[in-house]
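Chains as they are written, first to last, in this note's numbering: chain A, 7 to 335; chain B, 636 to 959; chain C, -9 to 549.
Just so you know, not all the hints are guaranteed correct.
To be verified - Derived pair list, reagent style DSS-like, types lysine-lysine, alpha-carbon separation capped at 30 Å: (1) C:K384 / A:K52; (2) A:K181 / C:K384; (3) C:K306 / C:K384; (4) C:K370 / C:K306; (5) C:K372 / C:K384; (6) A:K52 / C:K370; (7) B:K707 / C:K141; (8) C:K384 / C:K370; (9) A:K52 / C:K372; (10) C:K372 / C:K306.
No lab work stands behind these hints, which were simulated from the structure alone. What you are looking at is a predicted structure, and each value in this text was computed from that prediction instead of being measured.
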Amino acid sequence: MFSSGPWGQAIRALRYNRSAMIALAVLLALALLCALAPIYARHIAKTDPFTSNVAGTVLVNGQETDIMQPNDNPLHLGLSPIGPTWHPQSFLLGADSQGRDVAARLLYGGRNSLIIAFGAATLCILMASCIGIAAGFFGGITDAVLSRLMDIMWAVPVYLFAISLSIVTITQGLKIGPFTIASDNLMIPVFIIALVYVPYAARPVRGRVMTLRSAEFVIAARSLGVPRRRILVKDILPNVLPTLVVLAPLLTALSLLAESSLSFLSIGVQAPAASWGTIIQDGEGLIYTRPMVAVAPGLMIVITVLALNILGDGLRDALDVRETSRRSG
Amino acid sequence: MVTALFRRLGQTLIVLIGISVLIFAVFFATPGADPTARIAGKNASPQTMERVRHEYGFDRSLPVQYATMMKKLFITRDLASYTNRGQLVVPEIIQAAPVTLSLVCGAAVIWVLASVATGTMAARWRGTWIDRGLMMAGLVGISIPVFWLGEVANLVTQARYHDTWMFSWVPGPGYVPLTEHPWAWFKALVIPWIVLAVMFVGIYGRVLRADLVAVSGEDFMRTARAKGLSPWRVLIRHGLRTSMITFISLFGLDFAQLLGGGALLTEVVFGLQGVGRLTYQALAGLDLPLIMASVMYSAVFVVLANAVVDIVYVALDPRIRDGR
Amino acid sequence: MTRLFSFLSSAVLLCLFSPAMAEGIARPAEHAGGTLHLAAQSSPGTTDPQVSYFMAMYQVEAVVYDGLTTFTKGPGPLSRHAIADLAESIPQPQDDGHTWIFHLRRNIRFSNGKLLSPDDVVASMRRIFRVNSPTAGPYYSNIVGGAECLKDPDHCTLENGVIADNQAWTVTFHLTRPDAEFADRLAFNHAVILPADTPAHDTGNSAPPGTGPYRIVSYDPSSSMRLERNTHFRQWDAAAQPAGYPDRIEYRFGSDPESSVTAIENGQYDWMAENIPLDRLAELGSRFADRVHIVDFLNLYYAALNVNIPPFNSLKVREALNYAVNRHAMVIHNGGPAVAAPSCQMLPEGSPGFEPVCYWTRGADPQHPALRWEAPDMEKAKQLVRESGTAGQKVTVITAQQPEYMAMANELRSTLAELGYDASVRSMVQAVQFGYIQNSDNRVQISLTGWNADYPAASSYLRTLLACDMFHPHSDNSINISGYCDPDTDRLMDRAADLSVTDRNAGDRLWAEADRRFMAQVPTVPLVQVRWVMPLSARVKGDVSAPVYQVVFSRFQIR
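With the hints as constraints, model all of the structure from the sequences given.
Right under this line is the structure:
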């Protein structure tokens, strides 16, 4: 479909970008792995990663072993979950403090993290392109109001904004007209993260539309009396698309980081469901005895976000679009 | 200039009022947010509940309650917490501010120095493995969740290797005031500084490199090189100066957001009772007075920083100054 | 209470580890002087002793203020009653328990030098109502005039309820009904005696003068509190208010529990207010066993079942869940058998009126009770659910966000799912959750919470948590979270209370009967009782524990 023209060129350029292709492969592999979470849990590890199992035992090297292992100090203080066995059949990465298989949770958690990240990025781009195109194309009062609004949102620390929204929605669920979204629905973090990053994406879109509006071919079309809607669809939209394509992986990366942060603060994905952020939070309480619980999901996040960023870089180079960036720690 | 300043001030005021009204409205619309029962204490009798409701004015209309709260926050400054009876929120913020200031300033020093170094080096050796290596490292830095990096830092310095020579000097998490013990202050903060700075080093290094590369094609750079100046000199004396405009405006916004509470994840992980953590606790506990105070504090910082950045921008870039 | 450990609790240190025990008995040379360093994550709120309702502040106030009565500030059994403090002795109530005449000790001075007089006692009792003390209603409104004071605190006089006699140096209390727990209630910090001229509002960060061995010199909730000796203090009774060993007490706020543990190990702090993070228990047990004390105290984690809405309006479903819950797993979630024990009844072990009984374990039922919990009985539970016909319904467990609550909530969710329900968990911040689960408007089906009483009494578990008049529909303050009401059991509890005035043992037997009646109707699922793990720095000597207060700061000997 994009055999020739700017898109075809871009794809060819991307194909020759080795690091971008590796990143893409890593992402696809991760997504596939996480999609197969139920198969791993059911048929390989044979465990339910959502049910707590602290009183149970497991066979390790043919020996019946307690999942929560007592310590033999004089006061018998402290129980530690079983550590990594490195056997895919039983607690590959050990158990968390509720006796659940960390490896299986890692895959299920990855599924949620990726769904939220991609969902939020998609929703964000949709909202941002509506706002950015409206502001850039219509200008005047529309632009003034929308831009001020974006400025205000831009001024609040992203995470504080997201946290405020999460706390309110987690406590009472979200009511939109007749529809109620339960507080443990993944749509809530998707919606919140998409919302807080709208200014991030809307600005470059608006800038691009403004440039296009004064581009010669648009002015020419206007002077020929082409209706505005037609100009929008035929001339503006196709030319905004590269900006959106470049934004997509970067926004996904940001969304993934935001999701994990919210979940880490226990206001993202709700228990007993998992995401990489919630597993890190579970691991925080085990950092002294079972650090793997916190380390593994963090590594997954780093790998995923890094791959997304590299892909974003590759796309930007291939499509020749400049980015603006803002993050917060 | 003065009218512009006043206009800006007016806009700011409207924004602040808007935010505070919004917070107030959302709070009272949230179920379970009614603070009466919490103030009255567990198992208080209905009569005591009634009295508390009356004394705290929860039985009055929302506009009156809003006005009272604003008066107590800004004029009499004796606004007390809803969750921790008797605790005044303004001193709490004042106590938290130096913690955040220490954290953010230290991190800023690290990230400015490190990103200028990596950015210029990458630009100087553009296209070589040094460039690629530094930029990839920067990308990795951007990709690490800050709270996880903090956790891992804690794991290494507090739990796993705390008893080795390398990390035995690391004190337990928490803040020591600079005035109390400067060396302990430094020791307590150096790891949080690095953790907070990592991501910004990545971003700023990459931004700086891109700007330096873009600027190197401009005429004045060519002229400088043609004069026979050394490549380092050209890069630093001429390139860096021009590229600093983007750098500074970016820095101003980030710095202000961090001061206003954006560093909360770092503060949470390292047990630093700064503004961000305070805001988070206030939000999590639905403690309206504390939410109000901390958000107002944060908003003021961000607005101020925006103004300062604009001014610096004008001062640095002659093109902008002449345009006005 | 809900957040066991941060609110008031009753506790005793049963010093379990023998070396420490031996030292406590042997009484080595006593060390007076030095500075005691305490740490807490957050400040414990107002210092006003008649308003404050946090365990951490209660412990501080125990060495700063005195009531007419108090609890022994030394080791002993969990179940205990008040002893005389500012009063010379606990009087025998007269007039069928309606009148109590306290003889006040003479020559006791407040830390500002003023002499304590009967008028101060009357003023302090009035002030309970004037400052809207949280317990004004439940504990003190049975004083004659108390009900009026509760309604109109500004014009509160208690003129016929509390009468000072400056000649005889006595204070006479008239009660509207006899109260076996009256002396215990006067020992609680809301009834401490303050100078009569203490302002009638929450004094916040400036603590009013007291009669104890220490005075609060400075208090900044965001950083620290400092106590020094009260120079006017002369010891009158070592059990009621012992003279202190340390010269100064420094309380630092803002240190999170993880770093507090490390700081105590290294000797920077001597004691910390929070419970130990479970992850650190093994380390403490293996490296610092001689410095770790495990303290028993009265507490209970339980799930409240809303008996007014499905599915828990069915007795069969409530029984099923009680059979099905794996209390051993709950013990593990709270740190294992060394620090927690399964609970099968509403009264915690060690409480007055506690008689061990368990209906809801494998092989037992109300007709054939066991002595303690052994194992869950899933078969019977599933059978009961089938009979109730409620399987498949949606059930949401509401929990606070603390890790141990989250773990227990997920355990409950798993059990409910296994029983055939469509179960889920919703977590909220503690402060919000506690109000949310009490309000009947929120239609909470099952919620997880914890309770520890202000003073050791069966009534503070049974009456407070399950009596009809503790259920206030549509209110965030309705501590009978189950919404349970059985007038017969209420009458039984009234009888128990009345009988206790004259015969405590007979009264306790009735309380035990009430406990069993509740457990036959199971409006709750009792889960576990935990113990307090308390590490001390190497320089602390002596036994610092006491029931009710857990620790008494004046008794820390510092080398």
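Q: Below or equal to 30 Å on CA atoms is what counts here, so check K52 (chain A) against K370 (chain C).
A: Between K52 (chain A) and K370 (chain C) the Cα gap is close to 27 Å, so the pair holds against 30 Å.
Q. Within 30 Å, alpha carbon to alpha carbon, are K384 (chain C) and K52 (chain A)?
A. Satisfied, since the Cα-Cα distance of roughly 27 Å is no more than 30 Å.
Q | Proposed proximity, K384 (chain C) with K306 (chain C) (alpha carbon, max 30 Å) | A | 17 Å, holds
Q) Do the alpha carbons of K52 (chain A) and K372 (chain C) lie within 30 Å of each other, as the hint requires? A) Distance ~24 Å between K52 (chain A) and K372 (chain C) Cα, so the pair holds.
Q: For the pair supplied as a hint, K181 (chain A) and K384 (chain C), confirm whether the alpha-carbon distance does not exceed 30 Å.
A: Answer holds: K181 (chain A) to K384 (chain C) is near 20 Å, not above 30 Å.
(Q) Checking one constraint from the list: CA of K372 (chain C) to CA of K384 (chain C), max 30 Å. Satisfied? (A) Within the cut-off at roughly 16 Å; holds.
**Q.** Agreement of K370 (chain C) and K306 (chain C) with the hint, judged by alpha carbon distance not exceeding 30 Å
**A.** Holds: K370 (chain C) and K306 (chain C) sit about 10 Å apart, inside 30 Å.
Q.
Check the hint pairing K384 (chain C) with K370 (chain C) against an upper bound of 30 Å on the C-alpha distance.
A. 21 Å, holds
(Q) Need the status of pair K372 (chain C), K306 (chain C): alpha-carbon distance at most 30 Å? (A) Distance of about 10 Å is within 30 Å: holds.
Q) Is it true that the CA of K707 (chain B) sits at most 30 Å from the CA of K141 (chain C)? A) OK: K707 (chain B) and K141 (chain C) at ~27 Å, within 30 Å.
Consistency with the previously given hints is maintained throughout, with no hint failing.
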